[in-house]
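Student: Sequence:
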Amino acid sequence: MPSSSVDIVIVGGGIHGAAIARDAAGRGLKVMLAEREDYASFTSSASSKLAHGGLRYLEHMEFGLVRESLSDAPACRPRRIWSRPSSSCPFSTGRSAAPGSSIRDWRSMTCSRSAAKCREAARLSQSEVDALPHLRQDHLKAVLHYHDAHADDARLTLSAALDARARGADVANRRAVTAIAPRENGYAVTIGEDGKTKEIDARFIVNTAGPFVGEVDAMIADAPSPQDIRFVRGSHIVLPMSDPAETCAYTLQDEGERIIFSIPWLAGKFLMIGTTDIPQGGAPGHAACSSDEKKYLLDAYNRYFARTGGPATESDIVFDWAGLRTLHGRPDEDPSRITREVTLETATQGTGGFLSLVGGKLTTHRATAERVLAKLQSMGLDMGPPWTKGVPQYGGTLDRDTLRARAGEGPTAVSPETRQRWAFTYGDKIDDLYQALEKDPALAEEIAPGVPRVELEHVATVEDASTAEDFLWRRTKLELSLDQASHDKVEEWFLHN
Numbered sequence: 001m002p003s004s005s006v007d008i009v010i011v012g013g014g015i016h017g018a019a020i021a022r023d024a025a026g027r028g029l030k031v032m033l034a035e036r037e038d039y040a041s042f043t044s045s046a047s048s049k050l051a052h053g054g055l056r057y058l059e060h061m062e063f064g065l066v067r068e069s070l071s072d073a074p075a076c077r078p079r080r081i082w083s084r085p086s087s088s089c090p091f092s093t094g095r096s097a098a099p100g101s102s103i104r105d106w107r108s109m110t111c112s113r114s115a116a117k118c119r120e121a122a123r124l125s126q127s128e129v130d131a132l133p134h135l136r137q138d139h140l141k142a143v144l145h146y147h148d149a150h151a152d153d154a155r156l157t158l159s160a161a162l163d164a165r166a167r168g169a170d171v172a173n174r175r176a177v178t179a180i181a182p183r184e185n186g187y188a189v190t191i192g193e194d195g196k197t198k199e200i201d202a203r204f205i206v207n208t209a210g211p212f213v214g215e216v217d218a219m220i221a222d223a224p225s226p227q228d229i230r231f232v233r234g235s236h237i238v239l240p241m242s243d244p245a246e247t248c249a250y251t252l253q254d255e256g257e258r259i260i261f262s263i264p265w266l267a268g269k270f271l272m273i274g275t276t277d278i279p280q281g282g283a284p285g286h287a288a289c290s291s292d293e294k295k296y297l298l299d300a301y302n303r304y305f306a307r308t309g310g311p312a313t314e315s316d317i318v319f320d321w322a323g324l325r326t327l328h329g330r331p332d333e334d335p336s337r338i339t340r341e342v343t344l345e346t347a348t349q350g351t352g353g354f355l356s357l358v359g360g361k362l363t364t365h366r367a368t369a370e371r372v373l374a375k376l377q378s379m380g381l382d383m384g385p386p387w388t389k390g391v392p393q394y395g396g397t398l399d400r401d402t403l404r405a406r407a408g409e410g411p412t413a414v415s416p417e418t419r420q421r422w423a424f425t426y427g428d429k430i431d432d433l434y435q436a437l438e439k440d441p442a443l444a445e446e447i448a449p450g451v452p453r454v455e456l457e458h459v460a461t462v463e464d465a466s467t468a469e470d471f472l473w474r475r476t477k478l479e480l481s482l483d484q485a486s487h488d489k490v491e492e493w494f495l496h497n
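Residue numbering for the sequence shown follows our numbering, starting at 1 and increasing by one per position.
Rather than coming from a laboratory, the hints here were simulated on the basis of the structure.
Bear in mind the structure is a predicted one, so any value in this text is a computation, not a measurement.
Note that the Cβ used here is the ideal one computed from N, Cα and C, for glycine as well.
Each statement offered as a hint is correct.
Capping the alpha-carbon separation at 30 angstroms, the derived lysine-lysine pairs in DSBU-like fashion look like this:
1. K295 <-> K141
2. K30 <-> K198
3. K389 <-> K375
4. K489 <-> K269
5. K489 <-> K439
6. K294 <-> K141
Pair by pair, the computed Cβ-Cβ distance ranges are:
7. A405 <-> A166: 16 to 26 angstroms
8. A122 <-> E333: 33 to 43 angstroms
9. A374 <-> G268: 40 to 50 angstroms
10. R337 <-> A131: 29 to 39 angstroms
11. Q484 <-> E438: 32 to 42 angstroms
12. Q377 <-> S466: 29 to 39 angstroms
13. K198 <-> D431: 32 to 42 angstroms
14. D431 <-> D138: 51 to 61 angstroms
15. G268 <-> N185: 54 to 64 angstroms
16. L140 <-> G28: 53 to 63 angstroms
17. Q377 <-> D488: 44 to 54 angstroms
18. K141 <-> G268: 26 to 36 angstroms
Whole structure, please, built from the sequences with the hints as guidance.
Tutor: Put into structure tokens, the structure is as follows:
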């Protein structure tokens with residue numbers, strides 16, 4: 001017999017699974033989320049880190065997707081989404097007439113939300129263009145200035161998952177769904193966790209496994225397996241920041257008029273360049289940025305910018321990553337033109353049912369969660385009303401100025417640089433770190449430069465981090481700033497704690 005029962009088992013701890021768990025828990029539902037690796041360990045930590053309306057979607061006439069994005073992103077309500085790269089610094093775009101018309105459309109959509117909040121896109125004057133460092137002006141048609149937002153995708157996902165837990169959901173990583181069996185009114189779900197197996201009785205299953213959605217669907221014979229799934233790889237490269245620094249992010253176009261971003265990243269220490277759209281066949285897994293993709297992104301960047309010391313080369317790349325987008329599209333369809341709209345496939349099982357999600361965007365995760373729950377409600381699941389719009393997520397109650405102040409108020413045993421990083425990593429939960437240090441000052445001991453022991457204990461006990469990679473890449477971005485000896489010290493700490 002099942003050891004316990006829930007209203008919903010959510011399979012997959014990416015941004016959509018975490019957002020659905022949060023929304024459902026807040027509506028009074030009994031929820032379990034199972035992520036077999038780490039939260040955001042695949043696509044949800046491999047994005048362009050943008051929360052934006054999306055010029056590319058305007059070019060493809062996906063106006064509904066743009067409106068939905070703009071309704072959530074610019075308000076920055078979760079306090080995990082920030083103006084890019086600051087409240088006054090613009091994105092810029094050039095080369096082709098197509099982006100210009102898109103920006104005008106984007107502006108009208110943005111301004112229609114509220115005249116008081118409108119930041120209009122505008123064409124830069126020649127003197128303003130001249131002031132942009134490194135930007136080539138040969139063949140440049142225009143530079144248009146507009147505002148957008150950025151987010152740490154992995155921490156945004158984690159924040160939603162921890163918020164779900166705080167509202168009563170049973171949320172865990174390193175928890176695998178290994179079997180699903182139909183029951184009269186729902187499913188028996190076999191869970192593997194901590195070397196043990198247990199069975200959960202779930203009325204509904206929501207499959208948000210991303211690239212592994214088909215693998216989960218295959219566990220039951222009558223699952224609503226989505227048709228025409230395409231895996232599209234998106235890769236990014238990271239360069240050291242140029243000198244003088246590029247303070248603006250850019251929306252560029254390659255020779256085929258495909259959009260590429262160049263974005264100052266991690267307090268302006270690096271430049272992130274991406275992304276690609278490469279079809280990937282075979283079984284899904286950890287994607288990797290290919291040599292051809294690196295060359296493509298470097299060529300696109302060098303076409304627009306003349307860095308001091310010559311063109312950027314592959315030897316300048318300090319980091320790269322790739323993720324798989326799981327999309328609905330025909331086998332012969334251009335990967336760049338495949339819609340990012342969410343598709344929901346459902347099947348009933350007595351008074352319960354199964355739902356699979358394909359597609360979607362980081363920016364629209366909250367609205368997507370509402371849409372999923374509306375579908376489950378239409379299938380007979382009683383729940384409370386929608387509530388998430390405008391409600392800060394876990395750790396997200398403080399604005400930037402207050403976070404800066406919190407960083408300045410912390411214990412002197414921790415460096416100002418580390419406290420500043422904590423403020424914009426952990427949000428209002430920085431107070432938990434301070435309180436732990438007040439109880440035990442010895443926790444200020446640094447395991448690696450800028451990494452006090454109190455921080456590692458916090459991410460291990462509160463944020464479910466259990467490996468150095470969890471901490472260095474998905475809880476923080478210290479992967480890029482710490483040397484190998486420091487990486488080894490962090491890894492050793494996790495091995496022995």
